[in-house]
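**Student:** Letter by letter, the chains look like this.
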Amino acid sequence: MEFILSRIVSLTLFTPLIGMIIVGLIPSDQKNAVRWTAFLASLVPAAFSIALWFAYAQNAHGMRFEETLVWYAPIGAAYHVGVDGLSVPMILLTGILTPLAILASFSVEDRVKPYMMLFLMLEMGMFGVFASLDLLLFFLFWEIGLVPMYFLINQWGGKDRRAASFKFFVYTMAGSLGLLLSIQLIGLTTGTFDIVKLMTVWPKFNKEVLTFMPIESIKTVAFFAFTLAFAIKVPMWPFHTWLPDAHTEAPTAGSMILAGVLLKLGAFGFLRLVLPLFPAQAQAFAPWLAVLAMIAIVMGAFAAFGQTDFKRLVAYSSVNHMGFVVLGISVAAWVGGSTNEALRESAAIAATGAVLQMFNHGLSSAAMFFLVGVVYERAHTRDLNEIGGGIWQYAPIYGGIVIFCSMSSLGLPGLNGFVSEFMTVRGSWPVFTLVTAISMIGVLFTGLYILKAIRAVLHGPKNPKWAGHGMEMNVREIATVLPLMALMLLLGVWPWPLASVINEAVLKLLH
Amino acid sequence: MQLDLLLWLIPVPPVAAFFVIWLFTNRSRGLSHAVAIVSILTSWALSLIVFFNVIGLKDFGKTVIGSSVPWLPTGESVFRMGVLADPLTAVMLFFVPLCCTMIFVYSVGYQNYGKPRDPHDKVGEPPHNGVEPMYSRFFAFLSLFAFGMLTLVVADNLLLMFVGWEIMGLCSYLLIGFWYGRNYDHPKKITPRGAAVKAFITTRVGDVVMLLGIAYLYFMTTTEEAHHILGKAAGTLSFRDILYNAKFLEYLAEQPSVIVGLSVAALIGIFLFIGTVGKSAQFPLHVWLPDAMEGPTPVSAMIHAAAMVSAGVYAVIRMYPLMSAGWEEGHALTPPMLAMGAIGAFTALFASTIAVTQRDVKKVLAYSTISQLGFMIAALGIGAYVAAAFHLMTHAFFKALLFLGSGSVIHGVEHGAHHSNEHLDPQDMFNMGGLRKKMPITFWTFLIGGFALAGFPFITAGFWSKDEILADAFANNQIVFYMLVISAVLTAFYTMRQIALTFLGEPRTHSAEHASENVWTMTYPLIFLAIFALFSGFVGVPKDIAELGFNNFSKFVSATLVEKPHHPEFTFVPMIFSIVAALGGLGLGWLVYGMKPLKAGQKDPLAVLGPIYTLLENKYYFDELYEFIFGRPARWIASVLVYQIMDRTIISHFPRDPNRARTELFTGGHVGGACLRRRLLFAIHRVVAVMREQ
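So the protein lines, in turn, are chains A and B.
For what it's worth, our numbering labels the leading residue of the first sequence as 1, then goes sequentially.
For what it's worth, our numbering labels the leading residue of the second sequence as 1, then goes sequentially.
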């Protein structure tokens, strides 16, 4: 037990890689064997991530389960991993979503083996970003997360997949470039890439090491490079337009992971790197961040409401929901150094709400994309006008599940989304009052687009078009979405366990 | 057993029933309704145990029952969720589960339990003469609805109250749109699914503002001063801790808010009140409630009497100390009170004028609900705390009765239509007439409900509670008083019109001719509710009228507040007004509709009013107006401005062809003045093209 616990982060991190190799050894024509092996292989890191969660939650206190190995001594890079209250929930989310995404992919018939291998590789990349405590390592995993997703969209996507995957690649790469350069600047100046060390050293660092650039400029440049990279990933308005395209073309499971986890990498980057490393710059930029978040909330909701493509509608809902994450982060950035106790508490609530929202959105968006996929697989269209409603009569179980999951997305009290949305609003109201008030238009329109989708898909007289299409979900599909629904309900009724872990980390962050 | 534990348990059975029916028993109709009814009976029994225990408590109101658990970590502190029973809760616990139980039992008959499935019936549309195809689902939704309301009632803080509030919003959406597949021949008539969306969104307008109010109030409990004043209760939203603390209320009333000229208390009060405007369908967010009639009738009763709209009024009664913070008897009203007085009185009058011209038996009742809720809101606006709570209770009884009665009428006429193979609108009162003899139990109970609504003197509950409101209005604000009196006259008038058109005279159609009384599961709840519609008013008879020993309502409920509300000196003037209004209105209605009942094909005598009649019949064209100023622009902004123009054209001018993109990117073709200018021109062209397409 001790043995496992002391290495649990690495075990979580690399078991997907082992799984990937095992899947690679199976002959390609054994499709079912490939599927089941991939699924079972993804259960192993899932089990580790759950174990890690319980082990951490038992004594939630700062950075734990750290592992350090010298990796490339001459430039000061090391294999340094560890988790705190910000990363443990994200690792848990990744661990839970990947097997479900693989389960959702059982209907993929085309080149199953490489598909499954890419998924497992993707999982490792995501785990890595959350667990890295070294900047180079962070960047490495950041890129590992990008490549499989590019191929998943490019090879297994819809009819515009090439344009969409290219756009995804260009946008993300544009961010990565600056990220890599700034990481190197920081490394050159301080001689270390260790994030934990940098957290204490870097904000106060004022020695002029580089001859060609004053330290303040380095900090500013690095801040904006980091911010841009993460802003594209979240995505923040106006860098969001790659998202609807990528989602619309991605295979169902790809969308689940893209919305469920990959978007969180950006927000996580803000919390892990931008806020601790650049507190002064972040504070100065925070009001702009809040305004952009507000625009994302409002515009995202409007754009979602304006869609006729079911999947694009759900994609835009991500822009809307991730806006709340950024709003919460911007409050934390703004209040950071304040001495006003009431405002500090508000910032803690907002930031906890933001992280909780990351988790909640992971659940609800994955579920929603999956449910879009269910109807697409049968109807071969995602156009709301073409679907024409009247499906509920054929698929009562599907209808109930759609309503349940969309209510989580809509932020209905009693389900998870409400808790985090309320916390964010509560925290940001005293800090960015006008921004919060305007964001409420977005909350109103969230209701409109969700109900629009339900009405266009489920409601209406029994639609003869879909007779004999077997619209009802099968057992595998129900099993895919059921764990997500259980978590939605659980976190809505009893958010304490997750929120208290996050809260502890957030207090440290604001300290 | 501890009483606070019982309080926790009250909302549990219905939600358990919801999940049991959804997951396990949905294939068995009998089992499903048994689960639902047993669960609501359990809740009712628990509520009664709590009720009878607390009314015997000494100094109840000063001491209350409740407990809470930590729910959410909030920085260094903790947010607690809990339950509370004070006198106001006790009143709610008395009538909410009672009405719910009646509605549940009634639904068994209404949804044709026991009849075989009619092969012509389609799922998602109302059944013709067989059992409802989605029978189990109906009871699951009803149970969830009851859960939402009971949660709201026992909540000890604003956030938990909001949870119940929104769950009811969902249930009303699900139940209004219960017959989600229904279409009408008339393209302009709103479908159930359309009405469901309308209800949810209109109330959500209020809800998002209310959410801001909650956030604001919550923040105010964490400031430094609040820590001094509240001590350990800082950082909570508990009603007891916040609303009972005069010092804290004073602090809120003195603190300037983000809007110049308004105190924090006033702004929060207005935010919360806007939530109620949505939920209780007050002007200008009243448009959803009449369309909510698209749901099955038990749902209408649920929304209009037992839950939902009552919740809105309950919320402002609950928040009354905040609304009135800084107000003293005889001084200028606080801004939230002014808003409540103005909107309440206006809505009361406005809705009753519309009710006068409606043809649909349920729509008349819908507008009467809006109007009666206006009475309660206006009462709160002028400081009549007890009167509002009193009218809320009596209204729940007689409005539940009236809705279930109208459902019984519709059911009877539908039965007649089925029998005589006639196609007509079974809800149109002009297709009825003469049902008095066909459906005697429905008639007599409906008469009692109607008279209670009209405020028939002395023997109905509605009289006493309405009189209480009028008495307070008379003492405090003459304008509100006269508006309410006129509204009371109209109320009595349209009630008489409704009774006469439905029950009196001779049947005007074959369907009405062949209508028959309904099964016992539908009539017994009517009788039961009729008893309360008659006698529940006696708990609040003014002392000066009769020393009956019943007149404890005021004393009991006002103990909820720290400062006992001032009770106006008793005078006979408002009572005379209210007697004259009720009898006058009823008499007028009798003259127009009762003396010479309409014959088949005869027009509404009120049509002589000409354009005014048309204006009222079309509800002052508010639906059309809102569609024009909100609906269409919103859709345009969403699909054209934000999506087509902003996202697809201005921000993301990204070539769809990857090869072209690559050349543009890597040859640097995208930088430089010429290219930029070309792009801008292109963007403008696209915008123009997109706008032309629309």
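Bear in mind the hints are in silico, worked out from the structure with no lab data behind them.
Every residue gets a Cβ at the ideal spot worked out from N, C-alpha and C, and that includes glycine.
The reader is advised that the hints may include incorrect statements.
Stated by the list, open to error - Keeping only pairs whose Cα atoms sit at most 27 Å apart, straight-line, the calculated DSSO-like set for lysine-lysine is:
id : chain 1 : residue 1 : chain 2 : residue 2
1  : A       : 462       : B       : 564
2  : A       : 207       : A       : 197
3  : B       : 58        : B       : 555
4  : B       : 115       : A       : 462
5  : B       : 58        : B       : 564
6  : A       : 508       : A       : 204
7  : A       : 462       : B       : 188
8  : B       : 189       : B       : 555
9  : A       : 465       : B       : 189
10 : A       : 465       : A       : 159
11 : B       : 603       : B       : 437
12 : B       : 188       : B       : 619
13 : B       : 122       : B       : 189
14 : B       : 122       : A       : 465
15 : A       : 465       : B       : 188
16 : A       : 462       : B       : 596
17 : B       : 555       : B       : 247
18 : B       : 603       : B       : 619
19 : B       : 232       : A       : 508
20 : B       : 564       : B       : 62
To be verified - Derived coverage of chain A by chain B (criterion: at least 3 residues anywhere in the stretch with Cβ under 8 Å from a Cβ of chain B; other residues may be distant):
id : stretch
21 : 22-36
22 : 46-52
23 : 148-156
24 : 329-339
**Student:** Hint by hint, note whether the structure agrees.
**Tutor:** Hints versus structure:
1. Of the supplied pair hints, the one linking residue 462 of chain A and residue 564 of chain B is violated, its CA atoms being roughly 58 Å apart against a limit of 27 Å.
2. Of the supplied pair hints, the one linking residue 207 of chain A and residue 197 of chain A holds, its CA atoms being roughly 16 Å apart against a limit of 27 Å.
3. Annotation: proposed proximity of residue 58 of chain B to residue 555 of chain B holds, straight-line Cα distance about 13 Å (limit 27 Å).
4. Taking the CA atoms of residue 115 of chain B and residue 462 of chain A, the gap is near 23 Å; set against the 27 Å cutoff, the hint holds.
5. With a CA separation close to 17 Å, the supplied pair residue 58 of chain B and residue 564 of chain B stays within the 27 Å bound.
6. Between residue 508 of chain A and residue 204 of chain A the alpha-carbon distance is near 18 Å, which keeps this suggested pair within the 27 Å criterion.
7. Pair hint residue 462 of chain A plus residue 188 of chain B holds up; C-alpha atoms about 21 Å apart against a cutoff of 27 Å.
8. Proximity of residue 189 of chain B to residue 555 of chain B is assessed by CA-CA distance (about 48 Å); at most 27 Å being required, the pair is judged violated.
9. The straight-line distance between the Cα atoms of residue 465 of chain A and residue 189 of chain B is roughly 25 Å, inside the 27 Å bound, and the hint therefore holds.
10. Restraint check for residue 465 of chain A and residue 159 of chain A: the C-alpha separation of about 24 Å stays at or below 27 Å, so the hint holds.
11. Our distance criterion of 27 Å between C-alpha atoms is met by residue 603 of chain B and residue 437 of chain B, whose separation comes to about 23 Å.
12. Between residue 188 of chain B and residue 619 of chain B, the direct Cα distance comes to roughly 15 Å. Compliance with the 27 Å bound is thereby established for this hinted pair.
13. Between residue 122 of chain B and residue 189 of chain B the CA atoms are separated by roughly 20 Å; this keeps the pair inside 27 Å, and the hint holds.
14. A distance of roughly 16 Å separates the Cα atoms of residue 122 of chain B and residue 465 of chain A; the hinted pair therefore holds under the 27 Å criterion.
15. This hinted pair checks out: residue 465 of chain A and residue 188 of chain B have alpha carbons roughly 25 Å apart, not beyond 27 Å.
16. Pair hint residue 462 of chain A plus residue 596 of chain B does not hold up; C-alpha atoms about 46 Å apart against a cutoff of 27 Å.
17. Between the alpha carbons of residue 555 of chain B and residue 247 of chain B the distance comes to roughly 24 Å, so the proposed pair stays at or under 27 Å and holds.
18. Proposed proximity of residue 603 of chain B and residue 619 of chain B is supported: the alpha carbons are some 19 Å apart, at most 27 Å.
19. Only pairs whose Cα atoms come within 27 Å are accepted, and residue 232 of chain B paired with residue 508 of chain A is accepted, the gap being roughly 24 Å.
20. As the CA atoms of residue 564 of chain B and residue 62 of chain B are separated by approximately 11 Å, the hinted pair is consistent with the 27 Å bound.
21. Look at the stretch 22-36 of chain A against chain B: 0 of its residues bring a Cβ nearer than 8 Å to a Cβ of that chain, fewer than three, so the hint is violated.
22. Requiring three or more residues with a Cβ within less than 8 Å of a Cβ of chain B, the coverage given for the stretch 46-52 of chain A is violated, as only 0 such residues are present.
23. Coverage of the stretch 148-156 of chain A by chain B is violated [criterion: at least 3 residues with CB-CB distance below 8 Å; count 0].
24. A stretch counts as covered by a chain when three or more of its residues have a beta carbon under 8 Å from one of that chain; for the stretch 329-339 of chain A and chain B the count is 0, and the coverage is violated.
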